[in-house]
Amino acid sequence: MGFKTDILSYKASLVAGTTLLIDYRGQSGCSGPAPNADFTAIDATLTAPLVGCKVYNNGVFETLQAGVNNKLNVATQQSGLELKLMKDLQAALGEDVYMVKTDYSGTQLAQDNTGGVLDWSPLSTGEHFDTANTRLQDAVDLMVTAGLRPRIFKLWFQGENDANNAGRAAAYDVNLRRYINRDMESIQDYMRTNHPIVLIPYIKFGIQEILTVANGNNTTLRTTQSAVGASNPHYSFIANTGFTSPDTIHLDAVSNILGGSQWATDILTAWD
Amino acid sequence: MRRLSGTYLGRSLLLTGRYGISNGESIDADAQSLFDSMDVQPPAEVRQMYIDLIEYFKDELSLTGTTSMWDEAKFIYLWDVHTRQAAYLNIKSPSANTLTQVSEQLGFHEYVGLVGNGASGLNLNFIPSDDFLQNDCSIYAFCDTNSTGTMAAFGVFNGSNTGIILRPRLVSNIIQSALNGALANVAGTVNDSSGMTGLRRSGAANYQNIKDDSVHATTTNTSATPSALSLYGMCLNNQGTPQNYETRTYYALVGGTSNLDREKLMTIFT
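As you go down the protein sequences, you meet chains G and P in turn. Each residue of the first sequence is one higher than the one before, starting from 185 at the first, in this note's numbering. Each residue of the second sequence is one higher than the one before, starting from 2 at the first, in this note's numbering.
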């Protein structure tokens with residue numbers, strides 16, 4: 185009869201009837217520079233239109249397809265882990281699944297005060313954090329208008345740029361914790377204000393460990409990602425174990441498929 | 002637990018019970034005061050949970066056997082609720098000890114709790130020397146996270162380096178704490194910082210560290226005058242300087258006299 189037990193039961197009751205929305209953000213690792221031809225060679229269904237997998241693009245939801253709408257602002261013949269992730273989720277749930285992907289290659293989490301670099305810091309105004317939040321809010325609005333009640337899993341694949349600098353790497357702990365807190369609260373506040381009847385107490389946050397060669401900076405950063413991921417039962421963390429790369433930074437198609445599969449498994453069990 | 006009736010978000014609700022709001026009954030005055038202090042009202046189900054919690058505190062006797070848990074509590078905070086503003090209210094007295102932010106905004110996750118970021122904490126606006134008796138007080142924190150480190154669940158140090166502090170699990174897997182006394186490492190391994198960790202002083206030389214529903218350790222740590230500095234949550238107030246910020250997630254905090262019953266606190270909060 186305890187308050188926490190009752191809150192958990194209440195939350196569980198709200199999950200029924202909700203629709204999964206993946207809010208996938210990050211830099212080049214998220215963007216995914218693996219050639220689509222490599223995905224096709226492994227599993228041709230991944231690069232065909234993924235029926236039942238919806239991606240937010242230009243103000244509407246479209247059927248997700250590699251090289252068409254799986255990157256922000258630009259269509260290239262490259263993809264990331266979103267293909268396998270969404271395909272597996274749709275197959276497991278047997279219903280439409282939704283995604284907003286906001287990827288900016290080469291960008292940092294640490295706030296840049298020089299004015300020359302757009303960053304992900306919640307302390308910056310009108311930069312990537314705000315842009316990604318606006319895109320998520322627009323996507324949520326579309327879903328609510330369509331009569332859907334989203335439950336949101338936030339997937340974060342970023343840090344390669346911050347690992348390039350000792351100061352940014354050292355600050356990544358505070359910066360990432362701040363980012364998660366502001367990110368989670370931003371969508372909570374938006375929902376409460378704009379869609380008060382659409383309760384989404386379930387918001388989870390997943391952190392994908394970056395893949396960079398070991399040196400002082402990115403070892404610090406990856407340790408931080410692991411520690412933050414383990415610091416809260418409402419966060420997930422997946423290590424880069426088994427991932428391979430053509431350039432020591434970005435995942436190849438095999439690893440993007442592995443990563444997508446691992447995150448699908450995590451997300452399907454995240455709502456216990 | 003009582004059930005709710007009526008219609009809310011398409012679900013059937015049934016509100017009954019001593020403090021329920023149907024059947025023409027009036028709501029408990031303290032519950033009403035709490036709801037009146039909230040900028041956003043909770044969903045009906047959560048509203049009933051608040052009412053039940055207040056009812057439990059009032060109905061259940063404290064360790065004195067004659068006074069209620071409610072009477073022995075000084076502050077009660079629930080953080081796994083619907084809004085930050087509601088989380089910052091002192092349920093025992095919504096007009097007093099409202100939490101205020103230390104440094105930047107602490108993370109609030111709806112129906113989860115307050116999530117530390119290593120850079121901010123909370124001022125309880127609670128002065129121990131005003132509201133705690135030197136040899137009769139207790140504080141209990143409820144945590145979601147199992148991790149090690151020197152982060153402080155709550156604390157205040159005065160100039161003589163005595164005060165109130167709880168570090169639920171150091172890297173060495175022990176509790177480090179003080180309650181109107183000197184900081185001490187408490188014997189006995191602690192392998193989990195999650196759950197309830199509490200401090201209880203019921204005498205000048207009777208000081209207990211509580212872990213969940215058990216006494217983890219009892220010491221003869223000598224008491225000192227309670228600090229005149231405000232008590233902070235999720236960090237340490239070291240003579241006005243916040244430090245040792247939490248990175249864990251907490252969902253409730255309660256304090257009062259030494260007569261709060263730890264087993265009943267476990268029952269109602271977890």
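These are computed hints drawn from the structure, not numbers from a lab. We treat Cβ as the ideally placed atom computed from N, Cα and C, and that holds for glycine. There may be inaccurate statements among the hints.
What the hints assert, rightly or not - A partial selection of chain G residues facing chain P, derived with a Cβ cut-off under 10 Å:
1) LYS188
2) ASP222
3) ASN365
Inset, instruction - May I ask which of the numbered hints given earlier this structure violates, with the numbers listed in increasing order? - result: Violated: hint 2 alone.
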